[in-house]
Amino acid sequence: MALEIVVMVKQVPDSQEVVIDPVTMNLNRSLTRNVTNKADENALEAALQLRDEVGGHVTVVSMGPPQAESTMIECLARGADRAILVSDRFFGGADTYPTGLTVASAISKLEKVDVIFAGEESSDSSTGHVGPGVAEFLGMEQATYVSSVKYADGFIIAERELEDGTEVIKMPTPVLLTILLNANVPRRQTLKRKIAATKQGYEVWNLEKLGMPPEWVGVRGSPTIVRKMRPIKEKERAAKRFEIDQIPDLVRELFEIGALKLEEMQ
Amino acid sequence: MTGLKNAKAVENTDDYRNVFVFLEVREGKFLRSALEMIGVGRDIARKVNEKLVCLILGNNISKLADEAVEYGADLVLGAESPDLEEFRTLPYTSIVSDWVLKEKPNIFLIPASRNGRDLASRIAVKCQAGVTADCTELDIEHDTRILSANRPTYGESMLAEILCRKHRPQMATARPGIFKVPEKSRSENPEIRISKVKVDKSLKTKEIIEFRKKEKVDLSAAKIIVSGGLGLGKAEGFKALEKLAKTIGGEVGASRPAADLGWISRDHQVGQTGQTVRPRLYIAAGISGKIQHIMGMKNSENILAINIDPNAEIVTYSDYVIVGDVKDVIPRLQKEIDSYRKEHSGKKESKIASAS
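Sequence lines, in order, name chains H and U. Okay, so the first sequence: first residue is 1 according to this note's numbering, each after it adds one. Okay, so the second sequence: first residue is 1001 according to this note's numbering, each after it adds one.
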């Protein structure tokens, strides 16, 4: 059975990225500040491996501003079959709730979905909430923090990494899986495939296409707001300096302040 | 299934009262985070004279309910079933959401553990509410009963204060290891409501075939941690740290790069992607002090850095600094601690001898 697979990706701020100018088809070597979220690259790779093994299609869905184009092209160049950028000025300023709603709404427009992949979390906001949110909107089973995925007889078998061990779980499709950062090694995009991907292009879906009221999405649809930001104040510490020959003094001080205790020694 | 619904502001926030906390249970016991949730939830509830409501799901939970009451639960809502013995997203979401919709809490706190995050976002969507992830500071505004949910952002350099003004409950996940385990403090009129539930077949789609338990060093409870980083030079460098840790009654920790290189197993890793610790003494040996590591240990009571570079980032976070090569410093530290002990425990023994 061929699988229809969706991968949720996000473009996040980072250091550098090589972009192909869609008009000139030349490498644009100027530095841009945006890259694909690393864990999403692992999610895409897991999706591509599953497709290559079982057959089917991989569709990438991202919500973001127009400059997320580079991420869309990159995903195609890595091997995705189709890429949809859900983009509209109304989507700006969304917290996790309307982000999940918007992405879920786009996915619900696809003809069929068997497996949805997402990264465990984005590097810029680190909530890990959008994936499970999408699963809830779509009424799907989910497995988060997954390190490996297999498919057999209509079931997904996944390994899920918890703080105290590994769960091996079995679930029927449809299911949403969030993939751990560094769970695999993403395949490379060659220049040739990048050019082909740029030619192939991606779709842009706006709010009208999703058919949702504008007050449901973006900043207006967000239950939470950021009231203020402040620098994290660290406890002032003395950084009292000792040379190697002064270690006896330090050891005495550590015992005197109770940082080291004779009765705890073994 | 929620369907494609928007987040819904409630008509009257005064209808929403009390503080819910989700207590995570593993193998029939509370995780440490459960007690942390009780601690922070209790502080918030008592500030505004509301009830602390503890949610417990599992198989045999009556003892756990009693324990929650000892720590200050005013009300325990419990659900019991063999199907709830392990955490599974769908039944847990269903039961907890039903409680939320029926009891209308003002605030709902869940640990930002892996299962906690798995659950929190689904409940928020099901209840059409807002959730702030991974908070490190939580407080309540007395008059408005609005939750001040604070979370680190921008590479942990800034703290964002996030509010949820019109949606209820105000949900937050709280980073494990940050909030203190409280002293026991029994509430005056505690109530326990545990019901046996039958989990619907449609919610039992996830089968847990196997659980491979990791032999984990629980650094979050350690009083002393001796951590090593790239400055050790090679895997063997950890041997000296292990010896030192053993002598002083501590555990061994590591920076991420050291774990990445396989010098020590991942379960010793301290930091943003490892464990968050707050021991009485943290020794950072050959750790430069990248922010990801600092995040996991900066709340330690005393910090000793051992580094060849007197300007390493770790230094500004340290109470004590030994400047030198870890390879030279650790054996010397070991020697001086051994001789301090010999000298002082010798005195103690002689005192006892003379007293008898």
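Hints were generated in silico from the structure; no laboratory data involved. Misleading hints may appear alongside valid ones.
[To be verified] In the BS3-like style, the derived pairs of lysine-lysine whose C-alpha atoms are separated by at most 27 Å in a straight line are: (1) K1239/U <-> K112/H; (2) K1051/U <-> K1005/U; (3) K1180/U <-> K1051/U; (4) K1102/U <-> K109/H; (5) K1180/U <-> K235/H; (6) K1201/U <-> K1180/U.
[As the list claims (entries may be wrong)] Some residues of chain U that are not near chain H, with every Cβ distance over 12 Å (derived): (7) N1012; (8) N1018; (9) G1039; (10) L1101; (11) R1186; (12) R1193; (13) I1194; (14) L1230; (15) A1240; (16) E1336.
Backbone N, C-alpha and C define an ideal beta-carbon position, used for all residues, glycine too.
Test the statement that G1039/U is away from the interface with chain H: the closest C-beta pair must be farther apart than 12 Å. 19 Å, holds
When you check the alpha-carbon spacing of K1180/U and K235/H, does it fall within 27 Å? Holds. K1180/U to K235/H sits at ~17 Å (cutoff 27 Å).
Hint consistency between K1239/U and K112/H [alpha-carbon to alpha-carbon, up to 27 Å]: Distance of about 55 Å is beyond 27 Å: violated.
Would the pair K1051/U and K1005/U pass a check requiring their Cα atoms to be no farther apart than 27 Å? 30 Å, violated
Using Cβ atoms and 12 Å as the threshold, tell me whether R1193/U really stays out of contact range of chain H. Since the minimum Cβ distance to chain H is about 26 Å, R1193/U lies beyond 12 Å and the statement holds.
Please verify that the nearest CB of chain H lies beyond 12 Å from N1012/U's CB. 16 Å, holds
Separation of E1336/U from chain H, once the least beta-carbon distance is taken, above 12 Å: 5 Å, violated
Could you check that no beta carbon of chain H comes within 12 Å of the beta carbon of N1018/U? Check passes; 19 Å lies beyond 12 Å.
K1102/U and K109/H: Cα distance at most 27 Å? 33 Å, violated
Evaluate the condition: distance from the CB of A1240/U to the nearest CB of chain H exceeds 12 Å. With a cut-off of 12 Å, A1240/U remains clear of chain H, as the shortest Cβ separation is near 14 Å.
Quick one: work out the minimum CB distance from L1101/U to chain H and report holds if it exceeds 12 Å, violated otherwise. 14 Å, holds
Just checking, R1186/U versus chain H, shortest CB gap more than 12 Å? 29 Å, holds
The structure is inconsistent with the numbered hints 1, 2, 4, 6, 16, although it conforms to all the rest.
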